[in-house]
Amino acid sequence: MTSILVVDDSRLARNMVSSVIASLRPDWTIVTAASGEEGLEIVGDVPPVAAIVDYNMPGMDGLTLAERLKERFAGLPIGLLTANVQDTLKRRAETLGIRFIAKPITSDKIRDFLAAAGQ
Amino acid sequence: MAAPGTTESASAPSPEDPLRLDADEADAIAELFNIGMGEPAAALSSMLGEEVHLSVPSFAVSTRARITSEVGDELEGEQPVCAVRGAFTGPFTGEAMLIFPERGTLALVGRLVPVDPTVEAPGETEQDALTEIGNIILNGCLASLSNLIGGELSGAVPGYRAGVPAALIGSATDPVLFVRIDMALAAGDARGHALFLLDIASLDAFRAAIRQALAGL
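Just so you know, the protein sequences line up as chains A and B, in that order.
Numbering follows the numbering used here, in which position 113 of the first sequence is assigned residue number 257; successive positions increment by one, without gaps.
Numbering follows the numbering used here, in which position 170 of the second sequence is assigned residue number 173; successive positions increment by one, without gaps.
It should be emphasised that the hints constitute simulated quantities derived from the structure, not laboratory data.
Don't be surprised by glycine CBs; every beta carbon is placed ideally from N, CA and C.
Where hints are given, some of them may not hold.
If you want the footprint, here are the derived chain B segments under chain A, 3+ residues with CB under 8 Å [claimed, not checked]:
hint: 1; segment: 36-49
hint: 2; segment: 54-60
hint: 3; segment: 95-102
Looking at chain A on its own, in the form it has when it is part of the complex (with noise of 0.2 Å):
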């Protein structure tokens, strides 16, 4: 089973982004969540072939999530998902090797991002 899990506090974002994935790769199983540490729960021990995580939710921001998620799943493709485009967190996102998606969401975003995670 190929699954990508999707993170955001926003039902809205969270649709949208699952929307968008389930057009581009039909056959993938996507797993949401509407915080880190449900996302961390929800995933388990399998890894999914990426991860795209919001940056600004209430608990744990999605960089924290991010290196969560490296540390159980070594090489595993983050996207950072966020309307926050602010230079300082592009650049830890990148020394983490996270890419930055900006919202909004739009479908060329998302094809990009998975076609460098290698999918």
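Given chain A, put chain B in place with the hints provided.
Chain B alone, transformed into the frame defined by chain A:
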């Protein structure tokens, strides 16, 4: 429209409540403002040379009296605060506001202009600097929202005013739609709020605008 003084709660409105917004609508509003604040916060960050932390936007049906109480408590109660405020019109109307405590204002504008360390309240130069910051944040967010909803929101040039929170936010008990985003500089010495108060009268237009935005995303 609900009568003034009507109990207002976004969480448990009655089915006939004209203020009723379902969970999806409330979620969409918060997300649109989240996206809307992204670019102006980045612009402010590069201006200040420092990261600007933003909270997750919160959305509620509230009143100016309640907002004054909630926000005022966090802004040192009855201490004077500094605000940059401007009305906006378009598919929906309301007022946008950036509020910082006086000390926070001095710390914030001190990144841009020399501030006399002995002063306790912002002078003309500091007020001008905060007004410019408010202009960038508030009109930047409204511009992003305009693009998202495919309509034009026109913001008046924001004006500076200082006073106790009740004098700036108001104490009316008519219901308003309220979006709040907390802002803080990375160093932690300047914390404030971006507030958007939307007139209930424009709720239908607002709903239509949200649907338009969602359709375009």
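| request: Could you tell me which of the numbered hints above are not met by this structure, giving the numbers in increasing order? | output: Structure breaks hint 3 only.
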